[in-house]
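S.K.: These are the residues of each chain, in order.
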Amino acid sequence: MSRIFAIASKEIRQLRRDRLTFGMIVGLPLLQMILFGYAINFDVRGLSAAVVDEARTSMSRALVADMVATGTVKVRDYAASAEDLRRQLRSGEVSIGVYIPADFERRRVVGGQPLAQLLVDGSEPTIENIARGFAAMPLPAREGHYNTGEQVFEVRTEYNPEKRTAVQIVPTLIGVILTMTMTMFTAMAIVRERERGNLELLITTPASSLELMLGKLVPYIFIGLIQATLVLVLGVLLFNVPINGSLFAFYTAALLFIAATLTLGLIASTLAETQIQAFQMSIFVLLPSILLSGFVFPFDGMPPAARWIAQLLPLTHFVELVRGIVLRGAGLAELQVPIYKLLAFTAVTLTIVTLRFHKRLD
Amino acid sequence: MNARAENGAAISARNLTRRFGKLTAVDHVSLDIPRATIYGFLGPNGSGKSTTIRMLCGLLRPSDGECTVLGHPVPRDAEQLRMKIGYMTQRFSLWEDLTVQENLDFMSRIFGLAGDLRTQRIEERLKQYRLDDRRKQRAGTMSGGQKQRLALAAATLHEPELLLLDEPTSAVDPQSRRDFWESLFELVDRGTTILVSTHYMDEAERCHGLAILDRGRVVAEGAPRKLMDAIDAAVIEIEADDVRGARHALDGQDYVKSVAQLGNRLHALLAQERADPEGSIRALLAQHGVQGKVERVHASLEDVFVAATRFNN
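Chains as they are written, first to last, in the working numbering: chain A, 1 to 362; chain B, 1 to 313.
By construction, these hints were calculated from the structure, which means they are not laboratory data.
A portion of the hints provided could be inaccurate.
[Said to hold, decoys possible] To give an idea of the interface, some chain B residues facing chain A are shown, with a C-beta separation under 10 angstroms as derived from the structure: (1) 70; (2) 94; (3) 98; (4) 107; (5) 158; (6) 180; (7) 200; (8) 223; (9) 225; (10) 255; (11) 257; (12) 259; (13) 260.
[Claimed, not checked] To be clear about the criterion: a stretch of chain B counts as covered by chain A if any three or more of its residues have a C-beta under 8 angstroms from a C-beta of chain A, and this derived list gives those stretches: (14) 120-132; (15) 303-309.
The beta-carbon is built from N, C-alpha and C at its ideal position, and this holds for glycine as well.
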């Protein structure tokens with residue numbers, strides 16, 4: 001026990017002196033937080049649109065006003081003709097064109113024909129989805145006007161009614177940052193000692209391999225918890241992320257995830273000979289984690305093979321846990337499946353590590 | 001293995017062998033190293049010095065053969081030996097970003113020294129190895145000699161019975177080397193056994209016992225003095241104005257095993273079985289018209305080393 005403490009405190013002392021690593025540990029969550037929180041926005045707002053309104057009735061104006069009211073489009077220009085609209089789309093001045101024909105009112109009464117046209121810049125994938133959303137939009141109902149637009153479905157977005165990306169991103173961002181810290185920094189910390197010859201000295205001392213491993217890992221567990229707290233607190237302060245579940249459940253999930261990713265870092269450290277290799281291996285884990293875990297892309301849109309790979313990544317299960325706890329207010333009892341999957345992952349990787357780690361050079 | 005070796009020797013090895021793939025790094029090495037002596041491994045790079053030391057402290061498993069260290073079979077009992085062995089690696093392997101004191105403090109905790117004993121032991125080592133005015137200095141900023149004193153201080157914190165030193169003086173100036181060896185003799189006086197590998201002749205000459213290693217084999221073994229007396233060659237020195245000419249005269253004679261130039265002298269090793277070596281050389285020089293003084297001299301350890309590593313190949 002005192003040996004584990006000695007190794008851990010030595011590790012922390014070295015970490016404090018290694019300004020670059022220390023800066024990365026604090027700076028990385030901050031940077032990612034700001035990047036993902038402010039810059040990256042999957043919920044598209046303020047797309048520039050141009051409108052050609054040949055009908056010029058109060059109803060056509062109300063339709064445009066309703067589109068603007070969603071906040072998704074911003075009318076940049078009232079164009080003169082359909083031709084002008086196409087030109088603006090082609091040049092990229094606007095992403096969406098709204099064309100309301102002169103016989104708009106007649107079509108509305110007669111029916112059987114689309115009332116108006118949306119011209120969409122198909123080169124950007126997200127915009128097309130938005131157009132589909134508009135196509136389903138009901139006709140505006142105004143007093144004194146006859147409302148034919150029977151709205152069939154009411155769409156309500158729960159847990160994140162404003163559809164703010166930051167709310168979805170911040171809790172899962174904790175998982176991405178922890179994956180980085182736990183696999184990259186721990187693997188590099190262990191490999192660094194091997195590279196510099198410290199390990200050859202350490203393994204000739206009475207310290208057991210368990211003591212050596214735990215002593216090196218304990219500081220990173222605390223660092224992980226600090227990072228998780230940092231991101232969560234910033235999320236609440238900067239982006240008003242609601243914490244609907246209990247903090248106990250949150251920290252339990254965080255610890256389970258830290259354990260799983262630490263063992264990954266350990267595996268990388270037993271395979272890598274240099275710090276560069278350890279770094280490359282952690283990228284090898286990080287990239288599929290970010291892409292396949294459901295952090296960025298919805299899980300449902302993935303082909304089966306990708307979903308299978310995602311099941312092998314601890315981040316997938318943590319994303320499920322943390323969204324459940326922080327956003328939906330779920331308790332640990334309701335989230336048993338991802339918890340068991342994380343535990344199973346840790347058990348398997350830990351077995352591999354113990355088989356691979358010897359107190360010898362060969 | 002006889003009983004005396006088992007009880008009396010600090011290290012005894014029988015046919016210790018280590019292969020890395022096709023390469024045999026250590027080839028049937030047998031040793032008996034008595035307690036409270038300095039025993040040296042002398043050999044060029046790649047002769048198996050480090051590999052043997054690593055097997056003796058359980059870092060590498062032997063492919064063949066067996067060894068007993070302080071009465072324990074290794075690698076089986078390697079863990080029980082950790083408290084009794086101090087190991088200094090070839091390169092500085094303490095932490096360069098920690099200070100002198102922090103390094104010693106960490107190592108003493110690893111060796112389980114607690115409380116007053118730890119403080120006392122660290123102070124003792126700081127004084128003994130003249131590090132007390134540098135205790136707050138980061139190890140990485142120290143000179144080769146200082147680093148090596150620190151490494152020795154760290155390796156002796158737990159007062160080991162056996163010290164394994166793998167080329168401890170390779171990055172150290174001559175004065176620091178002399179000081180270092182003084183420290184080693186002080187340790188031996190207190191009963192410590194020291195196994196040290198080196199490629200410096202002057203260091204090897206200071207050892208009580210010596211094994212010359214070449215390509216994984218022990219090619220000569222014994223006390224340095226005895227090795228020099230028992231050299232299997234005649235050592236001849238030739239002083240000549242035309243040194244190149246003299247050298248040319250010796251070329252191509254198969255009883256001349258080795259020639260080295262030292263300023264305006266030549267140092268030659270001749271096969272032992274050659275009768276009247278001085279006479280033969282004088283005749284050779286006369287044949288080539290070279291004037292010179294020929295003299296038989298005492299063998300140095302370097303001669304022993306050259307004879308042991310080059311003659312029988």
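S.K.: Does residue 255(B) pass the interface hint, meaning its C-beta sits closer than 10 angstroms to a C-beta of chain A?
M.R.: Because about 45 angstroms separates residue 255(B) from the closest Cβ in chain A, which is outside the 10 angstroms limit, the hint is violated.
S.K.: Can the hint on residue 98(B) be confirmed by a CB-to-CB distance to chain A that is less than 10 angstroms?
M.R.: It holds, given that the least Cβ distance between residue 98(B) and chain A is near 7 angstroms, below 10 angstroms.
S.K.: Against chain A, is residue 260(B) within 10 angstroms by beta-carbon distance?
M.R.: violated (35 angstroms)
S.K.: Against chain A, with CB atoms and a cut of 10 angstroms, does the hint on residue 259(B) hold up?
M.R.: violated (40 angstroms)
S.K.: Under 10 angstroms is the threshold here; is the Cβ of residue 180(B) close enough to any Cβ of chain A for the hint to stand?
M.R.: violated (18 angstroms)
S.K.: Could you check if residue 223(B) really has its C-beta closer than 10 angstroms to a C-beta on chain A?
M.R.: Violated: closest Cβ of chain A sits about 29 angstroms from residue 223(B), beyond 10 angstroms.
S.K.: If you take the shortest Cβ to Cβ gap from residue 158(B) to chain A, is it below 10 angstroms?
M.R.: holds (9 angstroms)
S.K.: Does the CB of residue 94(B) sit less than 10 angstroms away from some CB of chain A?
M.R.: Check passed: Cβ of residue 94(B) comes within 7 angstroms of chain A, closer than 10 angstroms.
S.K.: Are there three or more residues in the region 120-132 of chain B whose C-beta lies closer than 8 angstroms to some C-beta of chain A?
M.R.: violated (count 0)
S.K.: Have a go at the residue 257(B) hint: is there a Cβ in chain A nearer than 10 angstroms to its own Cβ?
M.R.: violated (38 angstroms)
S.K.: Against chain A, run the beta carbon of residue 107(B) and see if the smallest gap drops under 10 angstroms.
M.R.: The hint holds - residue 107(B) has a Cβ within 10 angstroms of chain A, the shortest such distance being about 8 angstroms.
S.K.: Given residue 70(B) was flagged as interface, is its beta-carbon under 10 angstroms from a beta-carbon of chain A?
M.R.: Violated, about 14 angstroms.
Consistency with the previously given hints fails for numbers 1, 6, 7, 8, 9, 10, 11, 12, 13, 14 and 15, ordered from lowest to highest.
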